[in-house]
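If you're matching them up, the sequences are chains A and B in order. Per this note's numbering, the first sequence runs over residues 1 to 255. Per this note's numbering, the second sequence runs over residues 256 to 626.
If you are wondering where the hints come from, they were derived from the structure by calculation, not from laboratory data. Among the hints, a few may not be true.
Okay, derived cross-link-like pairs now, EDC-like style, lysine to aspartate or glutamate, Cα gap no bigger than 16 Å in a straight line [claimed, not checked]:
hint, chain 1, residue 1, chain 2, residue 2
1, A, LYS159, A, ASP123
2, B, LYS473, B, ASP439
3, B, LYS310, B, GLU606
4, B, LYS577, A, ASP123
5, A, LYS117, B, ASP596
6, A, LYS59, A, ASP20
7, B, LYS590, A, ASP118
8, B, LYS277, B, ASP344
9, B, LYS577, B, ASP607
10, B, LYS379, B, GLU541
11, A, LYS117, B, ASP594
12, B, LYS484, B, GLU503
Here are a few chain B residues that face chain A, going by a calculated C-beta distance under 10 Å [unchecked claim]:
hint, residue
13, ASN275
14, ASN552
15, GLY556
16, LEU560
17, SER600
18, MET601
19, LEU602
20, LEU603
21, GLN614
22, THR617
23, PHE622
Derived Cβ-Cβ restraints for the label pairs, each shown as a range [claimed, not checked]:
hint, chain 1, residue 1, chain 2, residue 2, range
24, A, ASP146, B, THR312, 37 to 43 Å
25, B, THR312, A, SER161, 26 to 32 Å
26, B, LEU267, A, ASP53, 49 to 55 Å
27, B, LEU267, A, GLN37, 32 to 38 Å
28, A, ARG22, B, ASN552, 44 to 50 Å
29, A, ASP45, B, ASP268, 48 to 54 Å
30, B, LEU602, A, PRO149, 35 to 41 Å
For each residue, glycine too, the CB sits at the ideal point set by N, CA and C.
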Amino acid sequence: MITAGIDIGSITAKAVVLSDDRMLGSKVAFSGYNAQQAGKGIFDDLLKELEMDASSIEKIVSTGYGRNSVTFADKAITEIICHGAGAYYLNPEVRTVIDVGGQDSKVLTIHSNGTVKDFAMNDKCAAGTGRFLEVMARAMESDLDDFGPLSLRSGSPSKISSICTVFAESEVISLIAKGESRENIIAGIHESVASRISSMARRVGVKEPVMMTGGVARNIGVVRALERALGVSIEVSEFAQVNGALGAAVMAVNL
Amino acid sequence: MEKLSDFYEAALDTEKYIRNLKVKGKRIMGYMCSYTPEEIILAAGIHPLRLFSTKGTISLADAHLQAYSCSLARGVLEDALAGRLDFLDGAVFPHTCDTIQRLSDIWRLNTRFAFFADVVLPVKLDTESARQYMEDVLRKFKGDLEVGMDVRITDAALKQSIDTYNRIRSSLNTIYELRSANPDILTGSDLYAIVKGSMIMDREYLAKRLPEVIEMFKERTPSTDTEKKRIILTGSICDQPDIYTVFEKAGGVVVWDDLCTGSRYFEGLVGTGGDPIASIANRYIERPVCPAKHTSNTARGERLLEAVRKHNAQGVVFLLMKFCDPHDFDYPYLKEFLDRDNIPSMLLQIEDPLQSEGQLLTRFETFIHML
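Turn these sequences into a full structure, and let the hints guide you.
Structure (C-alpha cells):
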C-alpha cells in the first residue's frame, strides 16, 4: 500500500511517501503565506521527484498547524499523534518523543503500541522553539546551520536568564557588546532552549529511550544541551525533520 | 440559539442588560465567586451580579495588580477603574483566594461605590466551630447590608429568596443532568449562555424561565451519534464559550463540570425549615468545596472520580486560569487521583482573552484521539 503524509508546519512544509514499510522519498520546503498552496506544492514536487502519479497514492494524511488546509488529504491528524507514530515507526522501543518545531515544542510519551499516552505543549510563548533560535541567529549574525557545531566548541556557555524571546535577544546583544565569544553565547542560547523544553518534559515524565524530532533536532547543540538537562541520551534519526510527515503516512496505512 | 436569546443577550452584553435593570430602579450589587451569599442580597431587594473579566484590554488595573494575578481579578478591576461598572451600588468580596482578598483592598481604596463588604468566611469547613463561625459571618454581612444599603432584611424575605435560589439551582442541575444523558439536545455554547446568564439575570425571572427551558429541552429528540468522547471540565471559572465549540469541533462533548461557574454554583440546596441564615450557612458547609476551602484531604479527588463514574466520562480536562494558585496547588493531587484509576486527563491553562484557536484545537484533537 502506498501512502503519503503531509506536514504543514509554521516555517516549513514536509512530505513523505511510504510504500508499506519502505520510505520512498521525502521533501522539505518553506510553508510561505498560503498553507493550502504549500501542501499542494510540496506534494506535487515530491511526486515529480519520485516520478509517480497522484493516483498511485492510496491514502493521504495531513498534519501540522496547517493540516486542515490540505483539502486533498483523506484525514487531518494532529502533529502530536503523528510525531508519536513516526518515532514508533523508526524505533518501536521509543517511549518519549520531544518534537521541537518552528513555533511549538511538544513532549509526548507513547505506549508500547505506539499510541500517545500523555503530552505537553508550549503555549503562547516562543521560548524553546525554532523561532527563538532564528531570532537569536539574526542577533548573532550567524547562520543557524552553524549553531550546532559552533556551540560544541564552547568552554563555558553564557547564562541567558530571560524566558521571553525579546528580552533574551537583548541579553544576547549585551553579551555581544561585552565581547563574549560567539561559541559561548550560542551554547548559552541552546541551554536556555533546553531548560524550557526539559521543564515541560519533566511535567509529562521522561521515559527512555528518548527520541528528538522536528527541525530543531538537526541542531546538535540543542540535542546535547537537552541530554545534559534531562540526564538521558537522546536519539535523533536522519528523518527528524520529516518525522511528522512520516508519522502521517504511517497513520494513513490504517485509515 | 434564538430560543435562548434572553440568556445569550445577558451573557454576551451584560452591561446593556444591567443598565436596563437599573433604569427600572433596581439596585445592583456586584460580587466575586460562588461563596457570596446571594440569598441575603436578593432578600434585601438588591440585584446580585456576578462580575466577569473585562472584554477590553487590561491597562488601568496593571498599576495596582501585578501581571501574575489572574486575568479575572485584573479584568474586573479594569472595568471598575474604567467606569464600566458605574451602575454598581456596591460590591461583595468573599474571603476565598488571596487574589480576591487583595483585590478587595485595592477596590475599596480606589473606587467610590456606595457599599463595600468583605465576607470573611472560614477556610477549614470540617471543624466543630466552622458552622457557627460561618453563621456569624453571614449574620454580620446581613447587618452590614442593612446598615449600608438602608434596608431591613426580614426572615420572610430571606425564606422567599432561598426558595427562588433553590428553584434556580435545581433547574440548572436538571439542565446539566439532561445534557449528560443526551449531550446533543443543547450545544456547549447554549449551556454556557444559560449558566452565565443565571448569574446575571433577574433571579425571579430565572426561577420561572429555567423550567420552561427544561421543558423545551425535554421535547428535543436525542441524536444517535455516540461517537463523541465524553469529557468533564474541572477548574475555577470558564467565561470562554469558544472552549465548548472547539471541543465539539475536535469530536468531544463536555458532559459535566466542577467549575465555580458550573456545578459548584448550583449543587446543594438550602434547607427550608428553621432559621434561614443558619440554613444558608449550612449549605456552604456541606457544598462541594473549591481549593481555597478545606473539608478533607481527599474530598475534591473523590468528588471528581465520582463525577467521572456517574457521567460515564472518558477523560477530564483541567481548565485552569493562569496564575490561579489555589487550583494550581490542587492539580498534582487531583491528577494523581485520576492516574490511579487510569482516567486520562489534560491540563489547559487559560487566560482572557483566549489563546489562538489553532493551538487549542491541536491539544483537544490529540486528547480526544488518545481516549
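Hint by hint, here is what the structure shows:
no., hint, verdict
1, A/LYS159 with A/ASP123, "violated, 24 Å"
2, B/LYS473 with B/ASP439, "holds, 12 Å"
3, B/LYS310 with B/GLU606, "holds, 12 Å"
4, B/LYS577 with A/ASP123, "holds, 11 Å"
5, A/LYS117 with B/ASP596, "holds, 14 Å"
6, A/LYS59 with A/ASP20, "holds, 12 Å"
7, B/LYS590 with A/ASP118, "holds, 12 Å"
8, B/LYS277 with B/ASP344, "holds, 10 Å"
9, B/LYS577 with B/ASP607, "holds, 9 Å"
10, B/LYS379 with B/GLU541, "holds, 12 Å"
11, A/LYS117 with B/ASP594, "holds, 11 Å"
12, B/LYS484 with B/GLU503, "holds, 9 Å"
13, ASN275, "violated, 37 Å"
14, ASN552, "violated, 23 Å"
15, GLY556, "violated, 19 Å"
16, LEU560, "violated, 19 Å"
17, SER600, "holds, 9 Å"
18, MET601, "holds, 8 Å"
19, LEU602, "holds, 8 Å"
20, LEU603, "holds, 9 Å"
21, GLN614, "holds, 6 Å"
22, THR617, "holds, 5 Å"
23, PHE622, "holds, 8 Å"
24, A/ASP146 with B/THR312: 37 to 43 Å, "holds, 41 Å"
25, B/THR312 with A/SER161: 26 to 32 Å, "holds, 28 Å"
26, B/LEU267 with A/ASP53: 49 to 55 Å, "holds, 52 Å"
27, B/LEU267 with A/GLN37: 32 to 38 Å, "holds, 37 Å"
28, A/ARG22 with B/ASN552: 44 to 50 Å, "violated, 56 Å"
29, A/ASP45 with B/ASP268: 48 to 54 Å, "holds, 51 Å"
30, B/LEU602 with A/PRO149: 35 to 41 Å, "holds, 37 Å"
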